[in-house]
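Here the protein sequences line up with chains A and B, keeping their order. Take the first sequence: its position 4, counting from 1, is numbered 4 in the numbering used here, and each next residue is one higher. If you want the numbering used here, it's the 1-based position in the second sequence plus 83.
To be clear, the hints were calculated from the coordinates, so they are not data collected in a lab. None of these values were measured; they are calculated from a predicted model. One or more of the hints may lead you astray.
[Stated by the list, open to error] Pairs of lysine to aspartate or glutamate, EDC-like flavour, derived with a Cα cap of 16 Å:
1) A:LYS12 <-> B:GLU160
2) B:LYS119 <-> B:ASP109
3) B:LYS119 <-> B:GLU160
4) A:LYS18 <-> B:GLU137
5) A:LYS16 <-> B:GLU137
6) B:LYS107 <-> A:GLU83
7) A:LYS36 <-> B:GLU166
8) A:LYS16 <-> B:GLU166
9) A:LYS3 <-> A:GLU77
10) B:LYS86 <-> B:GLU116
11) A:LYS24 <-> B:GLU166
12) B:LYS99 <-> A:GLU33
13) B:LYS101 <-> A:GLU83
14) B:LYS107 <-> A:ASP26
15) B:LYS99 <-> A:GLU83
16) B:LYS108 <-> B:GLU164
17) A:LYS3 <-> A:GLU33
18) A:LYS67 <-> A:ASP26
19) A:LYS24 <-> B:GLU164
20) A:LYS12 <-> B:GLU164
21) B:LYS99 <-> B:GLU160
22) A:LYS16 <-> B:GLU160
23) B:LYS95 <-> A:GLU77
24) B:LYS141 <-> B:GLU157
25) A:LYS67 <-> A:ASP15
26) B:LYS95 <-> A:GLU81
27) B:LYS119 <-> A:GLU83
28) B:LYS101 <-> A:GLU81
29) A:LYS18 <-> B:GLU164
30) B:LYS99 <-> A:GLU81
31) B:LYS149 <-> B:ASP98
32) B:LYS150 <-> B:ASP98
33) B:LYS119 <-> B:ASP98
34) B:LYS150 <-> B:GLU116
35) A:LYS58 <-> A:GLU33
[To be verified] Cβ-to-Cβ under 7 Å is the rule here; a few derived chain A residues that face chain B:
36) ILE5
37) LYS16
38) HIS39
39) VAL78
40) ILE80
By construction, the Cβ of each residue, glycine as well, lies at the ideal position given by its N, Cα and C atoms.
Protein chains: 2
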Amino acid sequence: MSKFIDIHTGMKGIDKAKLTDAHKKDTQIENSEGVKFLHVWADPSSGKVFCLSEAPNKDAVLRVHKKAGNATEEIYEVPIEIE
Amino acid sequence: MSKFIDIHTGMKGIDKAKLTDAHKKDTQIENSEGVKFLHVWADPSSGKVFCLSEAPNKDAVLRVHKKAGNATEEIYEVPIEIE
Numbered sequence: 001m002s003k004f005i006d007i008h009t010g011m012k013g014i015d016k017a018k019l020t021d022a023h024k025k026d027t028q029i030e031n032s033e034g035v036k037f038l039h040v041w042a043d044p045s046s047g048k049v050f051c052l053s054e055a056p057n058k059d060a061v062l063r064v065h066k067k068a069g070n071a072t073e074e075i076y077e078v079p080i081e082i083e
Numbered sequence: 084m085s086k087f088i089d090i091h092t093g094m095k096g097i098d099k100a101k102l103t104d105a106h107k108k109d110t111q112i113e114n115s116e117g118v119k120f121l122h123v124w125a126d127p128s129s130g131k132v133f134c135l136s137e138a139p140n141k142d143a144v145l146r147v148h149k150k151a152g153n154a155t156e157e158i159y160e161v162p163i164e165i166e
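Starting from the given sequences, assemble the full structure and let the hints guide the process.
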């Protein structure tokens with residue numbers, strides 16, 4: 001398992017309720033691909049949403065987001081981290 | 084205090100030691116601007132580095148990174164999050 005950060009755009013004005021709804025669609029099917037979403041952050045001003053996940057590979061994250069209706073191609077594997 | 088995610092580019096091939104060195108330069112001066120870096124993730128393949136911080140505002144994050152030699156203009160305030 002590796003960690004991934006992915007970035008969504010075009011979410012200007014997103015609020016907590018909308019983010020929660022979108023995130024639920026991901027977490028409801030994440031097990032099917034062995035993905036676990038760990039954290040989500042949103043910037044309603046720029047419309048960017050950032051997801052941190054653990055997954056077997058980048059394509060698994062891509063497929064979960066796509067099936068959930070939250071498609072993005074911008075997914076980075078982040079094997080190095082500092083807490 | 085708000086949370087921020089900033090993105091650095093051009094760090095292809097970065098390893099844990101180099102990331103630790105760069106991060107230390109930030110944390111050594113973060114107090115001067117009331118910033119606290121919480122987590123850093125790096126993707127050596129794309130050269131992207133992501134920092135999560137708490138700060139009074141975006142400019143404070145920008146100034147700490149600039150003074151530390153880790154300048155980036157790509158800083159997003161992320162007031163909405165899901166754990």
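These are the hints, each one checked on the structure:
1. Straight-line distance between C-alpha atoms of LYS12 of chain A and GLU160 of chain B comes to about 13 Å, which keeps the hinted pair within the 16 Å bound.
2. Under the criterion of a C-alpha separation no larger than 16 Å, the hint pairing LYS119 of chain B with ASP109 of chain B is consistent with the structure, at around 9 Å.
3. At roughly 14 Å between alpha-carbon atoms, LYS119 of chain B and GLU160 of chain B fall within 16 Å of each other, so this suggested pair holds.
4. Of the supplied pair hints, the one linking LYS18 of chain A and GLU137 of chain B is violated, its CA atoms being roughly 24 Å apart against a limit of 16 Å.
5. Distance hint between LYS16 of chain A and GLU137 of chain B is unfulfilled; the C-alpha atoms sit about 19 Å from each other, more than 16 Å.
6. In summary, the hint linking LYS107 of chain B to GLU83 of chain A is supported, as the alpha carbons are separated by about 12 Å, within the 16 Å threshold.
7. Of the supplied pair hints, the one linking LYS36 of chain A and GLU166 of chain B holds, its CA atoms being roughly 12 Å apart against a limit of 16 Å.
8. Taking the CA atoms of LYS16 of chain A and GLU166 of chain B, the gap is near 12 Å; set against the 16 Å cutoff, the hint holds.
9. The hinted pair formed by LYS3 of chain A and GLU77 of chain A meets the criterion: a straight-line CA distance of about 6 Å does not exceed 16 Å.
10. With a CA separation close to 14 Å, the supplied pair LYS86 of chain B and GLU116 of chain B stays within the 16 Å bound.
11. A hinted pair counts as satisfied when its Cα atoms are at most 16 Å apart, and LYS24 of chain A with GLU166 of chain B qualifies at roughly 12 Å.
12. Of the pairs offered as hints, the one joining LYS99 of chain B and GLU33 of chain A is violated, with about 29 Å between alpha carbons and a cut-off of 16 Å exceeded.
13. The straight-line distance between the Cα atoms of LYS101 of chain B and GLU83 of chain A is roughly 15 Å, inside the 16 Å bound, and the hint therefore holds.
14. The straight-line distance between the Cα atoms of LYS107 of chain B and ASP26 of chain A is roughly 35 Å, outside the 16 Å bound, and the hint therefore fails.
15. The hinted pair formed by LYS99 of chain B and GLU83 of chain A meets the criterion: a straight-line CA distance of about 12 Å does not exceed 16 Å.
16. Simply put, LYS108 of chain B and GLU164 of chain B have alpha-carbon atoms about 27 Å apart, too far for the 16 Å limit, and the pair is violated.
17. The straight-line distance between the Cα atoms of LYS3 of chain A and GLU33 of chain A is roughly 14 Å, inside the 16 Å bound, and the hint therefore holds.
18. A C-alpha spacing of about 8 Å is found between LYS67 of chain A and ASP26 of chain A, which places the hinted pair at or below 16 Å, so the restraint holds.
19. With a C-alpha separation of about 13 Å, the suggested pair LYS24 of chain A and GLU164 of chain B falls inside the 16 Å cut-off, and the hint holds.
20. Distance hint between LYS12 of chain A and GLU164 of chain B is fulfilled; the C-alpha atoms sit about 15 Å from each other, no more than 16 Å.
21. Taking the CA atoms of LYS99 of chain B and GLU160 of chain B, the gap is near 26 Å; set against the 16 Å cutoff, the hint is violated.
22. Between LYS16 of chain A and GLU160 of chain B, the direct Cα distance comes to roughly 14 Å. Compliance with the 16 Å bound is thereby established for this hinted pair.
23. Taking the CA atoms of LYS95 of chain B and GLU77 of chain A, the gap is near 13 Å; set against the 16 Å cutoff, the hint holds.
24. Restraint check for LYS141 of chain B and GLU157 of chain B: satisfied, since their Cα atoms lie roughly 10 Å apart, inside the 16 Å limit.
25. For the hint pairing LYS67 of chain A with ASP15 of chain A, the CA-to-CA distance comes to about 22 Å; that exceeds 16 Å, so the pair is violated.
26. Restraint check for LYS95 of chain B and GLU81 of chain A: the C-alpha separation of about 15 Å stays at or below 16 Å, so the hint holds.
27. About 12 Å separates the Cα atoms of LYS119 of chain B and GLU83 of chain A, which keeps this hinted pair within 16 Å; it holds.
28. Note on LYS101 of chain B and GLU81 of chain A: the hinted pairing holds, with a Cα-Cα distance of about 11 Å set against a maximum of 16 Å.
29. Distance restraint check for LYS18 of chain A and GLU164 of chain B: the Cα-Cα separation of roughly 11 Å lies within the 16 Å cut-off, and the hinted pair is therefore satisfied.
30. The hinted pair formed by LYS99 of chain B and GLU81 of chain A meets the criterion: a straight-line CA distance of about 8 Å does not exceed 16 Å.
31. Note on LYS149 of chain B and ASP98 of chain B: the hinted pairing is violated, with a Cα-Cα distance of about 21 Å set against a maximum of 16 Å.
32. Straight-line distance between C-alpha atoms of LYS150 of chain B and ASP98 of chain B comes to about 22 Å, which puts the hinted pair past the 16 Å bound.
33. Distance hint between LYS119 of chain B and ASP98 of chain B is unfulfilled; the C-alpha atoms sit about 22 Å from each other, more than 16 Å.
34. For the hint pairing LYS150 of chain B with GLU116 of chain B, the CA-to-CA distance comes to about 11 Å; that is within 16 Å, so the pair holds.
35. Of the pairs offered as hints, the one joining LYS58 of chain A and GLU33 of chain A holds, with about 11 Å between alpha carbons and a cut-off of 16 Å not exceeded.
36. Using the Cβ-Cβ criterion of 7 Å, the hint placing ILE5 of chain A at the interface with chain B is satisfied: the shortest such distance is roughly 6 Å.
37. The beta carbon of LYS16 of chain A is positioned within 7 Å of a beta carbon in chain B (closest approach about 5 Å), and the interface hint is therefore held.
38. Checking HIS39 of chain A against chain B: minimum C-beta separation of about 6 Å stays under 7 Å; hint holds.
39. Below 7 Å, beta-carbon pairs count as interface contacts, and VAL78 of chain A has one with chain B at about 4 Å; its hint therefore holds.
40. With 7 Å as the threshold, the beta carbon of ILE80 of chain A comes within range of chain B, its nearest partner Cβ sitting at about 4 Å, so the hint holds.
Hint violations for this structure: numbers 4, 5, 12, 14, 16, 21, 25, 31, 32, 33, all remaining hints satisfied.
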